[in-house]
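As they're listed, the protein sequences go chains A and B. For the first sequence, the working numbering puts the final residue at 1453, and the numbers step up evenly by one. For the second sequence, the working numbering puts the final residue at 1453, and the numbers step up evenly by one.
Calculated from the structure, these hints are not laboratory results. Don't take each hint at face value.
As the list claims (entries may be wrong) - One side only, chain B facing chain A, incomplete, derived with CB under 10 Å:
#1 Ala976
#2 Thr985
#3 Ala990
#4 Arg995
#5 Thr1001
#6 Arg1004
#7 Leu1005
#8 His1007
#9 Ser1194
#10 Leu1195
#11 Asp1197
#12 Arg1199
Claimed, not checked - Far from chain A by the CB rule (all over 12 Å, computed), these chain B residues:
#13 Ala969
#14 Asp971
#15 Lys974
#16 Glu1017
#17 Arg1043
#18 Ser1069
#19 Ala1082
#20 Pro1103
#21 Pro1137
#22 Ser1179
#23 Phe1268
#24 His1360
#25 Ala1388
#26 Trp1408
Even for Gly, the Cβ is constructed at its ideal location relative to N, Cα and C.
There are 2 protein chains.
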Amino acid sequence: MATAERAAGARAPEQFARLRQLLAEAVDLGKVAGLLAWDQRTHMPPAGAPARAEQLGTVARLAHERFVSDEIGELLEELRDYESSLERESYEASLIRTVRYDYEKERRVPAALRAEITRAGALGQSVWEKARAESDFAAFLPYLERNVELQREYVACFDPADEDYDVLLDDYEPGTKTAEVRAVFERLKEDLVPLIEAIGDAEQLDDSFLRGSFPIAGQRAFEHEVLIAFGFDEESWRIDETVHPFAWNASLADIRLTTRHREEDLHSVFATMHEFGHGLYERGIDAALERTPLARGVSLGLHESQSRMWENLVGRSLAFWTRFFPRLRETFPEQLGGVALEDFYRGVNSVEPSLIRIEADELTYNLHIILRFELEQEMLSGSLALADLPDAWDARMKAYLGIDVPDVADGCLQDTHWAGGAIGYFPTYSLGNVISVQIWERARADLPDVEEQIARGDFAPLREWLREHVHRTGRMFLPGETLERVVGGPIDPGPYVAYLRQKLGAVYGL
Amino acid sequence: MATAERAAGARAPEQFARLRQLLAEAVDLGKVAGLLAWDQRTHMPPAGAPARAEQLGTVARLAHERFVSDEIGELLEELRDYESSLERESYEASLIRTVRYDYEKERRVPAALRAEITRAGALGQSVWEKARAESDFAAFLPYLERNVELQREYVACFDPADEDYDVLLDDYEPGTKTAEVRAVFERLKEDLVPLIEAIGDAEQLDDSFLRGSFPIAGQRAFEHEVLIAFGFDEESWRIDETVHPFAWNASLADIRLTTRHREEDLHSVFATMHEFGHGLYERGIDAALERTPLARGVSLGLHESQSRMWENLVGRSLAFWTRFFPRLRETFPEQLGGVALEDFYRGVNSVEPSLIRIEADELTYNLHIILRFELEQEMLSGSLALADLPDAWDARMKAYLGIDVPDVADGCLQDTHWAGGAIGYFPTYSLGNVISVQIWERARADLPDVEEQIARGDFAPLREWLREHVHRTGRMFLPGETLERVVGGPIDPGPYVAYLRQKLGAVYGL
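When you get a sec, could you build the whole thing from the sequences and use the hints?
The following block contains the structure:
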């Protein structure tokens, strides 16, 4: 990209330097808020919570105030001519364009509404925890109503869009329209529901060896070996235990994964590979973007494409386990000594409709998302009365996955997103699945030996390809543009459906 | 203290509420800067350092800007009448008085000078690391000269004091004069040098059992048991490994100790007890002071009195080891199975003049400090040319401790303080030793059974006494006033000298 040279050559006006300085401070404060949250979820003694909430509030408020300052607005105006003089693809033009996009959105929303959304979300979340534990939807309902009402007020801050839901989706997947997502999801539903049914009629696989007793020290040692092979190094990465795993980075050279181990099953290895994918995306962003708002993955969907790639396309492949199953068997000889590689591979790819999204297999996961995407639109428009949410949920679970929901705790109360006020977030999970295979196909075209490399434990070619083609531009372009630059076209569910049909068809002998 | 009730009753003017709000934000930012530093020293991957320096710089600058804002100055002026109407001991009067003290000091120093002191200190520290590794004083000399010059410029920002050194000392021990410290240290020198000589002439003790092979897991388990008995709990405390141990707290209910273990010796248990003392001080501050500048230990000297109390007065006492030596012997039966309690007790109290301050025993430690205090004054006044520092250092090491310095690395280059630009910090270590025994004598008068309690492993009475008499008021009063309130008089080396003579006299059979 050679951004530094180009910046030097372009004789940027002094307003550009000033903009960069103000943005660097705002980015620093955003990262600091992130550290407060990371620390809270990994290390903080519990009694530190009330003071931490104040600290987070102070830093988040300052970061926001500094970003929406009049001075940044004036600089963006003064830089219009400069921006027009630049190539659209240049670092400078991308910075000005992206910051203007963010700035205009941020300025639309009154501080009081933002504060109320945060407050209602925090309250909703604490009420939800109790309501879920007691399977008490009625207790949660008023808080859900308040969150939805506030999301409608939020939508009203913006110019009318094709659909109200577009405004919410834009916060997670900038520039993407509800209609595009709907078209992708309709195709998925059409193709995946019959595939689920066909698998349901096939002979079921034995994956009982994934449950048993796997001492956590062994799990950690095995995952460490995988991570090191993937590209994790102690100079720039760390991994900690937490309750709900996530990835975060303090800067482009300071990547922090989290994971959670349970002695009774082996699934944390997939969660760890998933978080590695998120971390690698941030690690691959061009260092020249550091301390700018461009130094982040471009959207939740693209981010999820990277985590899903390492979790599923790499981590559930026969090539990967050809290399690593012997090591896993050495780690847990009593539990896995009698299991053949091929049976293990089939086991980690088994499909079974289930109640809980975060425990779902690679295939049925998408139906959990589609259901939520459809309900969110109906909740926002008011066509679904919120009191009727449990019935609507249960009906769709039956229609898409063929299963009965015994209880709201395992039904519409299972996720935290709506409790916290986040509507429009869910679809990005399945967009990530779809995109991951589009990118994978491009990588395979450029790296014809990638499967042999993986089977040898050599992940450098794939990692470098991803950095060069996907990661390094960060937020320079919109998600749709970023995808276009990588795969040469828009989002397309075709490759993902073909991949699932082929892999699962072989696994289940369909 | 019932500060909350009093605040409610006092009908504080709205300016007081506004002041509290501004201070709370400044305190939050200060704590956030602390978290950035704690994370850097305990968890941060090394490659995160450059971005972390920028983040720290941004937060420290904002915290400073907000604290020295004109608005805080105006509020302090407008609150003068209110302050006069209050009891001096009230929370409100203490807050206004302490903030005015800090504010007037902070405003005296131009931002450019502050920035240059920070910059030169960071540079000095990196040059010093290399110079120490290579025993190259000449390489370090220009950076030391720059640091001293900047400290002189700093002094010149203030009204003339009795002695220039007073201005620097005030940053670490507010309100304390160089002359007071000198009087204390003269007395220590007079009494302790002969004691060191007498011990040198006595039969030496065997403490070889403190060195050997002590697996770190065992050390940790033993220290954990000690900490739990002391009052450490998982709700509000944590402990991590680091290179140079320190204690820090994210808030009054979030206390973080650090320590460092080496398999070849047992000394980390004393370092851990030391850091516990620092942590307990902060933990004991009245929660009503949270998010104000009063929510901190009052000075480095008082802080050190608390760490030294737990390390030495508790942690090197016969009572303590009566309870805990059997547990330590169970932890390391091969290494300590043949050692008697009394021999162990004598061993951990052995005295031997040595080169390195941080490895020194309880008695000779003070001479390391006195030497530095004297040299600092001469460096600041210019009566000692900085090029002559190594010779002056070595001569005093010979005079006070009777030992020859083979090398600047183990001589005047051993500490980081001067490299980082901190002059006036060292004396607080020995002030802490002196004060620790003054407070201990008061505690013993109120708790006549304290030694029996310690021998039973019951530390609650001592802990509660310290909270009530020493900790809870935080920075409400100056260090001298705080001490006066606890012991009824000024700093006095008498009890400390008597304690050392008595304990070491018995240990060495003098």
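Consistency of the hints with the structure:
Proximity of Ala976 (chain B) to chain A holds as hinted, the smallest CB-CB distance being about 9 Å (cut-off 10 Å). Because the beta carbon of Thr985 (chain B) sits about 9 Å from the nearest beta carbon in chain A, less than 10 Å, this interface hint is met. Taken as an interface hint, Ala990 (chain B) checks out: its beta carbon lies about 4 Å from the nearest beta carbon of chain A, inside 10 Å. Hint status for Arg995 (chain B): holds, given a least beta-carbon distance of 7 Å to chain A, under 10 Å.
Hint status for Thr1001 (chain B): holds, given a least beta-carbon distance of 4 Å to chain A, under 10 Å. The interface hint given for Arg1004 (chain B) is met, as the beta carbon of that residue sits about 8 Å from the closest beta carbon of chain A, less than 10 Å. With a cut of 10 Å, the hint placing Leu1005 (chain B) at the interface with chain A holds, because the nearest CB-to-CB distance is about 7 Å. The closest approach between the C-beta of His1007 (chain B) and any C-beta of chain A is roughly 14 Å, which is over the 10 Å cut-off, so the hint fails.
Annotation: interface hint on Ser1194 (chain B) holds; nearest CB of chain A at approximately 3 Å, less than 10 Å. The restraint placing Leu1195 (chain B) at the interface with chain A holds, with a minimum CB-CB distance near 7 Å, inside the 10 Å limit. The beta carbon of Asp1197 (chain B) is positioned within 10 Å of a beta carbon in chain A (closest approach about 3 Å), and the interface hint is therefore held. Checking Arg1199 (chain B) against chain A: minimum C-beta separation of about 8 Å stays under 10 Å; hint holds.
Listed as outside the interface, Ala969 (chain B) is inconsistent with that label: its C-beta sits roughly 9 Å from the nearest C-beta of chain A, within the 12 Å cut-off. For Asp971 (chain B), the requirement that its beta carbon stay farther than 12 Å from each beta carbon of chain A is not met, with the minimum near 4 Å. Not every C-beta of chain A lies more than 12 Å from that of Lys974 (chain B), the closest at about 6 Å, which undercuts listing it as non-interface. Against chain A, the non-interface label of Glu1017 (chain B) holds: every CB pair exceeds 12 Å, the least being about 21 Å.
Remark: the non-interface label on Arg1043 (chain B) is consistent with the geometry, its nearest Cβ contact in chain A lying 23 Å away (cut-off 12 Å). Annotated as non-interface, Ser1069 (chain B) keeps its C-beta farther than 12 Å from every C-beta of chain A; the closest such distance is 19 Å. The non-interface label for Ala1082 (chain B) is consistent with chain A: the shortest C-beta to C-beta separation is roughly 28 Å, beyond 12 Å. With a cut of 12 Å on Cβ distances, Pro1103 (chain B) stays outside the contact zone with chain A, its closest approach being about 38 Å.
For Pro1137 (chain B), the non-interface assignment is confirmed: its Cβ lies about 47 Å from the closest Cβ of chain A, beyond the 12 Å cut-off. Here Ser1179 (chain B) does not stay apart from chain A, with its beta-carbon only about 4 Å from theirs, under the 12 Å limit. Once the 12 Å rule is applied to beta carbons, Phe1268 (chain B) is consistent with being away from chain A; the minimum gap is 30 Å. Its beta-carbon lying about 28 Å from the closest one in chain A, His1360 (chain B) satisfies the requirement of being farther than 12 Å from that chain.
Remark: the non-interface label on Ala1388 (chain B) is consistent with the geometry, its nearest Cβ contact in chain A lying 33 Å away (cut-off 12 Å). Trp1408 (chain B), annotated as away from the interface, keeps every beta carbon of chain A farther than 12 Å; the closest lies near 22 Å.
Consistency with the previously given hints fails for numbers 8, 13, 14, 15, 22, ordered from lowest to highest.
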